[in-house]
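Line by line, the protein sequences give chains A and B.
Our numbering puts the first sequence at residues 1 to 388.
Our numbering puts the second sequence at residues 1 to 388.
Hints are computed from structural coordinates only; laboratory data are not their basis.
Glycine included, C-beta positions come from ideal geometry on N, C-alpha and C.
Do not rely on the hints blindly, as some may be mistaken.
What the hints assert, rightly or not - Listed below are the simulated DSS-like cross-link pairs for lysine-lysine, each with C-alpha atoms no more than 27 Å apart in a straight line:
id : chain 1 : residue 1 : chain 2 : residue 2
1  : A       : Lys229    : B       : Lys2
2  : B       : Lys2      : B       : Lys111
3  : A       : Lys292    : A       : Lys322
4  : B       : Lys258    : A       : Lys266
5  : A       : Lys292    : B       : Lys292
6  : B       : Lys165    : B       : Lys239
7  : A       : Lys218    : A       : Lys353
8  : B       : Lys292    : A       : Lys242
9  : A       : Lys165    : A       : Lys372
10 : A       : Lys292    : B       : Lys241
11 : A       : Lys241    : B       : Lys292
12 : A       : Lys266    : B       : Lys239
13 : B       : Lys258    : A       : Lys258
14 : B       : Lys165    : A       : Lys239
15 : A       : Lys258    : B       : Lys79
16 : A       : Lys266    : B       : Lys79
17 : A       : Lys258    : B       : Lys229
18 : B       : Lys239    : A       : Lys292
19 : B       : Lys218    : B       : Lys229
20 : B       : Lys266    : A       : Lys229
21 : A       : Lys239    : B       : Lys266
22 : B       : Lys111    : B       : Lys241
23 : B       : Lys229    : A       : Lys266
24 : B       : Lys2      : B       : Lys79
Said to hold, decoys possible - Pair ranges (Cβ atoms, derived):
id : chain 1 : residue 1 : chain 2 : residue 2 : range
25 : A       : Gln330    : B       : Asp257    : 58 to 66 Å
26 : B       : Gln330    : A       : Asp207    : 55 to 63 Å
27 : A       : Pro40     : B       : Asn267    : 54 to 62 Å
Unchecked claim - Partial chain A-side listing against chain B, Cβ under 7 Å, derived:
id : residue
28 : Phe222
29 : Leu284
30 : Ala345
31 : Lys353
The chain contents come next:
There are 2 protein chains.
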Amino acid sequence: MKLGIFGFGVVGQGLYHVLQQSNTIQAEIAKFCIKNITKPRSLDATLFTDDKTELLDNPEIDVIVELIDDAEAAFEIVKTAMNSGKHVVSANKKMIAEHLEELLALQKQNKVSFLYEGSCCASIPIIRNLEEYYDNDLLTSIEGIFNGSTNFILTKMINESAPYKDVLKEAQDLGFAESDPTLDVEGIDARYKLCILLYHAFGLITDPHTLFTLGITKINTFDIEFAQKNNFEIKLIAKAKKIGSQIDATVLPTFVDKSSILAQTKNEYNAVILESAFSESQFLYGKGAGDKPTGSAVLSDISALGYGYRYEYKKSAKSKEKIELHEDFQMRIYVRFADQQPDEADFTEVLEKYSSRYGNYWIGYISRQKMKEAQWLEIPEINVIALG
Amino acid sequence: MKLGIFGFGVVGQGLYHVLQQSNTIQAEIAKFCIKNITKPRSLDATLFTDDKTELLDNPEIDVIVELIDDAEAAFEIVKTAMNSGKHVVSANKKMIAEHLEELLALQKQNKVSFLYEGSCCASIPIIRNLEEYYDNDLLTSIEGIFNGSTNFILTKMINESAPYKDVLKEAQDLGFAESDPTLDVEGIDARYKLCILLYHAFGLITDPHTLFTLGITKINTFDIEFAQKNNFEIKLIAKAKKIGSQIDATVLPTFVDKSSILAQTKNEYNAVILESAFSESQFLYGKGAGDKPTGSAVLSDISALGYGYRYEYKKSAKSKEKIELHEDFQMRIYVRFADQQPDEADFTEVLEKYSSRYGNYWIGYISRQKMKEAQWLEIPEINVIALG
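The shape of chain A in the complex, shown without the other chains (with noise of 0.2 Å):
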């Protein structure tokens, strides 16, 4: 195998010393494709180019792994190396989960595999358990802690009782979150890894944002007061659920027991909790993001290239059932709110109301789709998170 790969952060370069070691994995880097040509690199220059199809247009190069940030650019670099008939290897998980269709397309249209492993937890093998291990009918859920940075701050926020904002400086100042955190803290990346592992794990495609997701940032003192006097850890948590033929999948903020196996799973950890028949769970945990568990993930689909692996979407090919989306389920929610109170109407059910001039909340019984509509849901002093 050739390789042509775009980006030469931390991951291409462990991947250059790597693959030179290996003695099994047959590939060879012929050139990186990067933005700025002028700046000095560890490696020869000739391995080096800023023109994308000194990449794409070569023959010799049978696979591309693309290792950049932009969505939209990797996207159309994805699409060309796949319409020029060439593997590919990727992690970026926003491009997928917005192009799975068409991504699927271009698999099948053109022969070529595409592995993507990196893009959902990092080091976690989930995607090829869900091809390879959990490739029936037999898996009832999935769900996890599938975003590092959040998990990062939620660990340190319960840890020190230490409101969102504060943390949250402290994680970028570390380099544990963003400079710009929106992706992680509003759910949204763990929303895309949720919906690539929907195909995989139930062979259902879905526009990401139709997932009901909540973020992190509103959580303040009091909830995690809450959590600690109530032998709580707060998670964001993505679940699917399979019921008959109809999925639940959310991205919540989750109160989990402290002795739960979730809560264990601190600071920058990963952790994917799988249920099959059998009533059995199956916990794989470990770094979920960083460049080396993704390059470590990265790797193995160079390798897998090599005996010529794709994924086989078994779910969707086998399923005779139409498997749906389903948004009418009922959830059991903590509300915590100030001076303007929810509107107690969208309640099936209030179970616990609380006051205190430190705050308010309510336990109570609400459905997916009137949390969706709910307005309420807007002030900023009113704050959602799920009981488990």
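Once you have looked at the hints, place chain B on chain A.
Chain B alone, transformed into the frame defined by chain A:
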């Protein structure tokens, strides 16, 4: 697929019910072969026989699922089935570890598939991950807790500062240990699993008896106190590490840091840590024993047969290097003794010596070879625990 199943325990019964509910697994149970045909059963009597030829000689049955205890009887069944061109699913680690070469040859000769995910760490899809995801030479080590009974016993010993014998009794009463616990507590069960995984991880076939193994039966309250004072747990760790083309593989009671993820693997749970290139580690965790976890793995194997899956044993096929078990590594150990002391000359270096009226211990380096030959290891009052 038509299945012939040997054994009608909880796994067999569960399989029957789950297969009836599945839309995608095209498998039907033709017959169960059981020992005692007169015992009343929950299913129709026509589904049972005590004559194994009714399954093995039936050309309509294309898959044999072997779920019996006796390893030698199981091997005869599996051999006959493969020689009759039938695919086989089994979870019998003793049988597989002891007959690995023959079983590999039988698969090849008869062009049949032999799957045994349930044999190693039950619900954890470790074999499939080694085959499919860690299928190249980038894996550097595999270690973990492979035996649920001993982990249950060790968890209780540490929690309750109770000696081995008391806890064993309790574990037996609760059904977490066999009435003859030898295979578990002497580390032999974990060794069988390690032996199977050595082939899938590194392409190494080895006689299980050659792997250096110590059990947990000699651990006393002095050892437990040492663990507690030093913030350790004691775990029975199976471990294989690749250094160049040499493999170091052992099963040893080991002191592990209380904060480590292996220490957090409690009771009947199993865990596996895989380390690979990019120094990334991946952690898999799930129930390691019991009917449901095993059933879950067996079911996934049956499902995989539906699309012609077979292990490709890529490690042994692809590797250019001759992988060998090596026995001359240095180990750091804790050795506790009473009146009779170990032979100091056996040690490469003794780092610490402690003596008191309650017990004595040394900490030091010793070569594997010296350890294997040490006569003093036979003395009942001398116990060795590895320092990780």
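Which numbered hints does this structure break?
-> Of the numbered hints, 1, 3, 5, 14, 15, 16, 22, 25, 28, 30 and 31 do not hold.
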